[in-house]
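K.L.:
Going down the list, the sequences are from chains A and B.
For the first sequence, the numbering used here begins at 54 and goes up steadily by one.
For the second sequence, the numbering used here begins at 54 and goes up steadily by one.
Do not take every clue at face value.
Each pair may be met inside one copy or between any two copies, as identical chains are not told apart.
List of simulated lysine-lysine pairs, DSSO-like, C-alpha gap at most 30 angstroms [what the hints assert, rightly or not]:
# : residue 1 : residue 2
1 : LYS284    : LYS390
2 : LYS322    : LYS272
3 : LYS284    : LYS227
4 : LYS322    : LYS390
5 : LYS390    : LYS227
6 : LYS227    : LYS322
Hints were generated in silico from the structure; no laboratory data involved.
Number of protein chains: 2
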Amino acid sequence: MQPVQNYAARRWRTLRRSMADQQIDALLITHLPDVRWLSGFTGSNAALVVTARGAALFTDGRYTVQAREEVRGARVVIAGRSALQEACAFAGSRAQRCWFDPEHTTVADLELMRGGLNGKSRRGFFTPLGSPLVSTLRMVKDAAELSLMERAANLGCTLFEMMLPRIESGMTEKALAAELEFLARGLGAEGMSFETIVASGPRSALPHGRATEAQLPRKGFVTLDFGVILKGYCSDMTRTVRLGRAVDEERTTFDAVLAAQQAAVDAVKPNATCGEVDEAARSVLRAAGLGKYFTHSTGHGVGLEIHEQPRIAAAQAARLVPGMVVTIEPGVYLPGKFGVRIEDMVAVTEEGHRILTPATKSWIEL
Amino acid sequence: MQPVQNYAARRWRTLRRSMADQQIDALLITHLPDVRWLSGFTGSNAALVVTARGAALFTDGRYTVQAREEVRGARVVIAGRSALQEACAFAGSRAQRCWFDPEHTTVADLELMRGGLNGKSRRGFFTPLGSPLVSTLRMVKDAAELSLMERAANLGCTLFEMMLPRIESGMTEKALAAELEFLARGLGAEGMSFETIVASGPRSALPHGRATEAQLPRKGFVTLDFGVILKGYCSDMTRTVRLGRAVDEERTTFDAVLAAQQAAVDAVKPNATCGEVDEAARSVLRAAGLGKYFTHSTGHGVGLEIHEQPRIAAAQAARLVPGMVVTIEPGVYLPGKFGVRIEDMVAVTEEGHRILTPATKSWIEL
Chain A
54 MQPVQNYAAR RWRTLRRSMA DQQIDALLIT HLPDVRWLSG FTGSNAALVV
104 TARGAALFTD GRYTVQAREE VRGARVVIAG RSALQEACAF AGSRAQRCWF
154 DPEHTTVADL ELMRGGLNGK SRRGFFTPLG SPLVSTLRMV KDAAELSLME
204 RAANLGCTLF EMMLPRIESG MTEKALAAEL EFLARGLGAE GMSFETIVAS
254 GPRSALPHGR ATEAQLPRKG FVTLDFGVIL KGYCSDMTRT VRLGRAVDEE
304 RTTFDAVLAA QQAAVDAVKP NATCGEVDEA ARSVLRAAGL GKYFTHSTGH
354 GVGLEIHEQP RIAAAQAARL VPGMVVTIEP GVYLPGKFGV RIEDMVAVTE
404 EGHRILTPAT KSWIEL
Chain B
54 MQPVQNYAAR RWRTLRRSMA DQQIDALLIT HLPDVRWLSG FTGSNAALVV
104 TARGAALFTD GRYTVQAREE VRGARVVIAG RSALQEACAF AGSRAQRCWF
154 DPEHTTVADL ELMRGGLNGK SRRGFFTPLG SPLVSTLRMV KDAAELSLME
204 RAANLGCTLF EMMLPRIESG MTEKALAAEL EFLARGLGAE GMSFETIVAS
254 GPRSALPHGR ATEAQLPRKG FVTLDFGVIL KGYCSDMTRT VRLGRAVDEE
304 RTTFDAVLAA QQAAVDAVKP NATCGEVDEA ARSVLRAAGL GKYFTHSTGH
354 GVGLEIHEQP RIAAAQAARL VPGMVVTIEP GVYLPGKFGV RIEDMVAVTE
404 EGHRILTPAT KSWIEL
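The task is simple: from the sequences and hints, build the whole structure.
P.N.:
Structure follows, in structure tokens:
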């Protein structure tokens with residue numbers, strides 16, 4: 054792998070090329086994962102102004118040392134009052150117009166931004182981007198990112214294997230989640246990507262069942278959906294295991310979900326549309342008579358945020374590109390009875406794909 | 054205490070009175086803590102429209118059962134496509150103008166909202182509130198909220214006491230944070246109010262030092278700043294303890310911070326301004342020659358969110374009112390050397406105040 058500087062330089066070049074293509078003279082970036090991806094800055098307050106020739110990152114006095122250590126490709130300015138307003142004043146002095154991200158800018162922030170422009174014609178200066186810019190670039194991970202994400206995903210798999218012998222009927226879902234998160238910290242996770250999902254017995258039929266005080270049943274499914282954060286990058290995986298002997302319907306449902314998941318993983322390759330990948334899973338479940346119980350989309354991009362572009366969902370025309378990392382997570386939920394979901398993180402490669410979460414997906418009966 | 058319905062009814066009445074006072078015919082509420090406070094709904098997708106006579110909460114199919122169980126004071130509508138847009142269409146059919154919260158509405162959302170209005174004159178319909186409405190009402194907690202917050206705060210104190218015998222030089226800050234969070238779950242916390250801060254040795258001089266791989270020193274301070282969530286309500290407390298014998302400067306600094314904290318707590322009473330409470334702490338530290346090392350404000354409101362109104366900061370003219378719950382958390386940070394911060398949660402009462410976090414603030418040498 055190349056040194057960090059080279060990756061940083063390439064991200065800046067890629068952004069400037071996109072800006073030139075879209076005739077964007079100046080861009081204000083305030084969404085923190087975007088700021089981090091581009092500049093390396095991990096503080097909680099930042100406004101980054103990028104023009105064709107320069108860039109300046111505005112933050113506050115808490116981050117004087119940290120910003121100078123972390124930031125690449127931009128001048129650091131410690132703002133006296135409001136980082137956002139000083140960034141806007143700077144943009145006003147360098148450009149005739151400045152684009153911003155309407156999905157991560159509140160109406161109140163936009164007022165503040167205009168207030169920072171002192172003197173300039175305020176109405177026309179700030180222009181909302183027609184489509185996301187930095188988050189579109191962030192879809193394609195470079196080798197440095199893929200390496201971190203693979204480590205995060207592997208940590209998730211290790212956790213799953215460590216948890217297997219601890220899963221016992223009678224313990225509460227919350228206790229299971231608490232143990233998993235405690236072990237995650239011990240293995241070096243900075244935190245969890247999202248609130249750990251433990252859904253057992255009939256609760257496995259809830260696609261987003263948080264861990265509750267419910268006790269794991271003597272007989273039933275346990276769905277674990279969790280992820281860790283490593284150097285800012287999120288992992289995400291789901292496995293469904295079995296407590297006690299299953300009846301036929303339970304086993305055939307599990308097998309159908311596994312087949313659907315595998316079909317969608319197999320469909321991941323450069324140039325496939327996201328809709329095709331979704332359909333690969335959906336058609337298997339439809340053929341098994343379970344289509345109507347698969348009530349969500351097949352997956353989503355993942356990276357510095359747990360939910361990123363692209364969406365792996367019905368009719369999505371966006372095409373996969375090498376370097377993207379997506380989840381593949383079909384599920385079947387039979388209300389009041391049980392549910393099964395199986396999820397991997399999958400990287401798109403030149404040749405097809407690579408699964409980042411190698412933990413077994415086989416039927417596990419505890 | 055009165056039954057839940059009475060509290061719910063009172064919140065609705067208070068809001069409608071404020072709306073009438075400010076001549077607000079219709080209000081769109083999308084900030085989830087505001088939605089929860091008013092209606093009881095805890096789902097992750099909601100748009101609530103309130104008029105003088107009616108109210109409707111729009112959410113999606115995932116929450117059909119939950120919304121009907123939880124929501125009080127509003128009709129529940131399960132939206133087919135976009136809860137936000139259907140809420141706006143509804144508002145358009147009921148009012149000539151609709152106010153919204155510009156601090157919690159993105160520029161992209163506002164476009165969506167206008168798109169939901171089909172037909173109506175779109176420009177003038179949505180009006181940003183000049184000052185926060187629901188979050189202003191949320192500053193004053195009712196007996197049901199105070200009871201929950203007291204339980205959350207007590208849980209925090211129990212945790213601190215359980216952690217004391219576990220704090221040892223050589224263990225990492227992260228391990229300490231992981232143990233604390235694991236115990237919190239065991240005691241019934243739904244989660245942590247924010248990422249647990251453990252800052253030891255010279256790192257105690259960082260006001261927001263996250264837990265790192267740094268090992269607790271043989272001699273030095275350890276600052277623990279943490280909170281738990283119980284039924285949605287956040288607790289927040291900080292204690293600084295000592296490993297090994299202290300030198301004079303360390304002990305006198307601790308004593309000055311404790312005196313400043315106590316002075317600010319004593320200043321908490323109805324009708325005091327937030328600036329006066331801040332000044333009570335600041336003047337003690339100034340007199341001790343430490344004023345310039347107290348680099349942040351004295352505290353903040355807390356409730357369904359970890360940071361709420363009011364701000365306990367210099368020159369804040371807002372006055373305390375019985376029912377408010379604020380943190381009092383002065384600190385002194387000597388760069389490269391050490392830092393001390395002590396924080397309580399304090400409720401404003403008719404008579405003065407009540408500390409919700411009774412854990413000892415005395416000098417503790419481990």
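K.L.:
Each of the hints needs a verdict: does it hold here or not?
P.N.:
Each hint tested on the structure:
For the identical chains of this complex, LYS284 and LYS390 are inter-copy neighbours only, at 27 angstroms across copies versus 39 angstroms inside a copy, given an alpha-carbon limit of 30 angstroms. For the homomeric pair LYS322 and LYS272, neither the shortest alpha-carbon distance inside one copy (38 angstroms) nor that between copies (56 angstroms) is at most 30 angstroms. Proximity of LYS284 and LYS227 under a CA criterion of 30 angstroms is satisfied in both settings, with 26 angstroms inside one chain copy and 15 angstroms between copies. Proximity of LYS322 and LYS390 under a CA criterion of 30 angstroms is satisfied in neither setting, with 35 angstroms inside one chain copy and 54 angstroms between copies.
In this homomeric assembly, LYS390 and LYS227 come within 30 angstroms of each other (Cα to Cα) only inside a single copy, at 21 angstroms, whereas the closest approach across copies is 40 angstroms. For the identical chains of this complex, LYS227 and LYS322 are neighbours neither inside a copy (38 angstroms) nor across copies (39 angstroms), given an alpha-carbon limit of 30 angstroms.
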